[in-house]
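In terms of UniProt numbering, the sequence shown opens at residue 1 and continues consecutively.
Think of the hints as simulated: they come from the structure by calculation, not from any bench. Keep in mind it's a predicted model, so treat the numbers as computed, not measured. Hints are not guaranteed to be accurate.
[Said to hold, decoys possible] Here are the simulated DSS-like cross-link-like pairs (lysine-lysine), alpha carbons at most 27 angstroms apart as the crow flies:
{"#": "1", "residue 1": "K4", "residue 2": "K185"}
{"#": "2", "residue 1": "K126", "residue 2": "K4"}
{"#": "3", "residue 1": "K925", "residue 2": "K904"}
{"#": "4", "residue 1": "K954", "residue 2": "K672"}
{"#": "5", "residue 1": "K265", "residue 2": "K672"}
{"#": "6", "residue 1": "K954", "residue 2": "K904"}
{"#": "7", "residue 1": "K563", "residue 2": "K27"}
[As the list claims (entries may be wrong)] What follows is a set of in silico ranges between Cβ atoms, one per label pair, in the way DEER data are often shown:
{"#": "8", "residue 1": "S382", "residue 2": "G278", "range": "43 to 53 angstroms"}
{"#": "9", "residue 1": "L518", "residue 2": "I254", "range": "39 to 49 angstroms"}
{"#": "10", "residue 1": "K935", "residue 2": "R975", "range": "30 to 40 angstroms"}
{"#": "11", "residue 1": "S382", "residue 2": "D437", "range": "44 to 54 angstroms"}
Note that the Cβ used here is the ideal one computed from N, Cα and C, for glycine as well.
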Amino acid sequence: MGFKFTSLCDLLSQLEENRVVKATTVKPEAPDIQTVAQWFHAHERRLHHPETDALAFLSCLFPERRPDRVYGLQAASLARIIGRCLGLGSSRLSELNRWRTPGGPDLGQCVENVLRQAENPLHSGKAISTEEINQTLDQIASRCRFSAPRARRQQGAVDIESALSPLYQRLSSRDAKWLTRMILKNYAPITLPENFTLSQFHVLLPHLLQFQNNFESALHTLSLEPMNKFPPRPDRFLIPQLCSAVLEHLQPRIGYKIGRPEYYKARSTKHCYDLIKGRRMSLERKYDGEYCQIHVDLTNKQSPYQIFSKSGKDSSADRAAIIPTLTRCLNVGAVDCKFKTSCILEGELVVWDEELGGIADFHKLRKHLPRSGTFLGIESDSPPQPYEHLMVIFFDILLLDDNICLRAPHHQRRLLLQDVVQSIHGHAAIAEQEVVDFNRTESRSQLENSFARAIAQRWEGLILKASDEPYFSIHTAGMNDRFGRWIKLKKDYIPGLGDTVDLLLVGASYNAQDAAALTFLQGLQWTHFLVGCLFNKDAVVQRGARPHFRVVDVVDRHGMHWKTLQLLNQLGQFQARDPETFDDFHIEMGRASLPVASVIFQMPFIVEMLGSGFEKPSGARYFSLRFPRILKLHDDRSMMDAASFRELQILAEDARAVPVDELSQEQHHWRKRLKVGNGLNQYIVQRSRTPSTASVSSTESAVPEISDTTMSAHEAGLQSVLAKDFARKASAVNPNQNPTMDRKVQTHLTREEEGHLSHKAGQTKRHRRVLSKNQNLSNCRTGKQDLPEHACEINGFVSKSQVRDLGVQPHVASAKAVGAQHKDHAAVGKDAMEDTQRQDLTISVNHTPVESVIQPNASPLTTIPVYLSGQSSETGNLSDRQDSSNLSQFLEALLSEETRLLFKISNPRAASQEAVFGIALVNRKVLPLGQLIHKIAKALVQLVSNKVPSQPNKGRIFFLDASFLAEDVCPDDLRFCLRNTWRELAPRFFYACLYWTVNGQDSSVHESGQADDVLSSSREVPQGPKNKHLVSFYVSFDLVEILALGEHTSPNGSSDPHYPDI
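Working from the sequences, and respecting the hints, build out all of it.
So, in structure tokens, the structure goes:
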């Protein structure tokens, strides 16, 4: 008889009904856990009856766990088939197709609604079983060429309509809904608690699936002695004993993919260090290729190789091109082959470029690896070149004849792998590895150096594996769950370090299945958003031409926080237009696989997007962000501030280029970036391609969510962005009203973390240029020691309006001359210069002749307050007043009138701009750089809250390594007044520069047209009922910052004519 499908639908329906209960409970998973436990208790006897096919039941309960079965059915094609199966008329077909309507139900719910109007007659003696459904799905999968070979061999080809008609005509409306969702492999809106549900079927099943991720193999193990004698749901105290007893019977089976260990995502090198817990670790390079698990069975003379993909699908036929390499590197058939019958290895498939002499980009793989015999997404690629071929990188061995290697510690498996595999240059190799003992004091520094080197060389990241632990933690009795897991360390996992670009959302579409999965968001109109760039930016800026957008990507619910999705749906209602009638601009789809837009946004949204580097998408001729995620919305920028299509391609090209000649400098730069990330840990705010500013507040708080897509700057903008749209609509009624006056976006921070910062290399207006230097891009080269002689701007670009607002005189220079001066900061190429049609400007400040040639008579080290963090073992020659270890004394000195008077002697130009400088010496053994910046910024905010009119409004604090004290430093030496002196010291001692600005109720700020920039990056510090001050912070890591300490070019008093504004 089997197991009734309607009983399984009872469970699924009860879980769906739990949505209301889960919304009102403290632990949302509790109702589902209780429902699953009660259901399995009620059906336990029938589930384990000999007539019940356990494989059929589990395949119906977890359809997504059958990657070997591919049906070739999407919602549109399945809806047409269901309509024919049920013989629906036009009115009921319209009801069935409501899933296409934005905001409508998913296809499964539409099927239930249609069948409910005329229920099928049900016969108790002819109830459909899970076995019958499983057999039907096997038949449908056997006809699809994308199914695994074993699935295609099981059944003969059948017509889909004739296979599904008997099922839909005998099911109730409710059960037909779940069958529809099962075929689509998506039970949304419900989510089964997977491990708990599997353990309710059999307590050992989750562990067996981790070992060999295949229902058939796991059930086979449970049928063996003595496991077949174990109770499926034993008493709790017996579970550890049963798990230990089953370990010796776990035998890998050739032809069934072994599962992979779970891994942690390290959010910083400090987080990674904490996860390691003093163990000895293998740091392996993470290769940017396709995972493969290779099974070799020498007893099978016809086809000894089986190659499985990450999903567990047998892809041997598609990877046949690598088999000759496998034969050579494993010495198969030769006398020196290290195994006699079988072997299982893990590796990564990449493309080797003989001309490049290295591994080619990831997108080259699709020209060498077909999908079920068809090369997909190569229509826009160049044909395979004769100097390109597949290469396999091995990183583990799991079985060698009768030796179950995965029980052995990693270092032993590594030695065995080196013995079995013969490296062949450009064809087969073993993954690069570095072993670090994290019991040693220098281990943390080694980790930072290794990761910085990986980033500088454009590696995808690092994988950390414990050298003394087996492949799975279950092979070590009593091992903590934290152990046995790998640690994945990638740049884009660390907040603030990923590649980010400002792009546009130009349209949206709706997917009913995705909407159904977001049960807590009601009334969603769109789930997918089209990411685009201006294709004719020059023409739009210069001639007011009709905008032409190219859609380069799409981002769905997986690429944004749910609050961002909700906000886009709210704001989009005011901007949505019908694509058929809207003609204000032209939209071009970058590739055929992108969804069709159901609406176009009249005013595209500007979003900050994070990616894991850049890649060429399938079927495209261009590069875009890899795994794009939305970090936040910008309401203070126009679409001209976002990257154009040409600018996006230049950014991608620069980010992918490995700086061979400057590798050490860039590695040094990334080490400093990682140290700051360690100090701020997960509270650091994400940065865009124009590094955004976060500011400090002593009153407001909201913890950014720790996820791949943070919400630190988004949540506070919800009401302000809505207010902006209200103001925009109000301006349509009252044209005299300026809606931009209401724009204000703030970043909320927790009270405890109120001082955390985002890092920025310049003011907002300076960085509106997309192609200016971006510290988040992989090709950042701020660590260069050959600093420009006249580094007046961090990025080498400044707008004419900014120069006018700052009160300085612009001098237009030739592109060649300015490019030579700023080659280290904004070398974007001739095309980029033509694209923006802007002239670079160098500036000189209007000062009196007396100030410009004043004779230096005091070193900055005798006038600028110095703060030493922690206690250093070295001693220096600084005076007691300057060498204060008390932070409050340091900041009070920084803001004092005495310091301002002394500052005029050593740094007259900076003093004339009403700025002050301070120096903080960093002792990293006592306090990491990021935490020190946080600490100083927080204390400065508290001190500014008691601000008096005589205190300065802006300044900089330079962070230098405390080893500076160990040098033979004479503070009175006038050479510290020279820029060249600090230029020589910068590579050895400079870490960062913290800018701070205090803006009171100064109407001149608004009159200058910069109010929006000030407000968008600042925080109010409460001063009383009327007096309020806005404190802004940003951090620069550029070595040129330190040059501001020296204003002179020679000891005779010659000042630098290119000295920048403060």
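Hint by hint, here is what the structure shows:
1. K4 x K185: Holds: K4 and K185 sit about 20 angstroms apart, inside 27 angstroms.
2. K126 x K4: At roughly 10 angstroms apart (the allowed maximum being 27 angstroms), K4 and K126 satisfy the hint.
3. K925 x K904: Outside the cut-off at roughly 35 angstroms; violated.
4. K954 x K672: 25 angstroms, holds
5. K265 x K672: 21 angstroms, holds
6. K954 x K904: 15 angstroms, holds
7. K563 x K27: 20 angstroms, holds
8. S382 x G278: 43 to 53 angstroms: 50 angstroms, holds
9. L518 x I254: 39 to 49 angstroms: 42 angstroms, holds
10. K935 x R975: 30 to 40 angstroms: 31 angstroms, holds
11. S382 x D437: 44 to 54 angstroms: 46 angstroms, holds
Violated hints amount to a single one, hint 3; each of the other numbered hints is respected by the structure.
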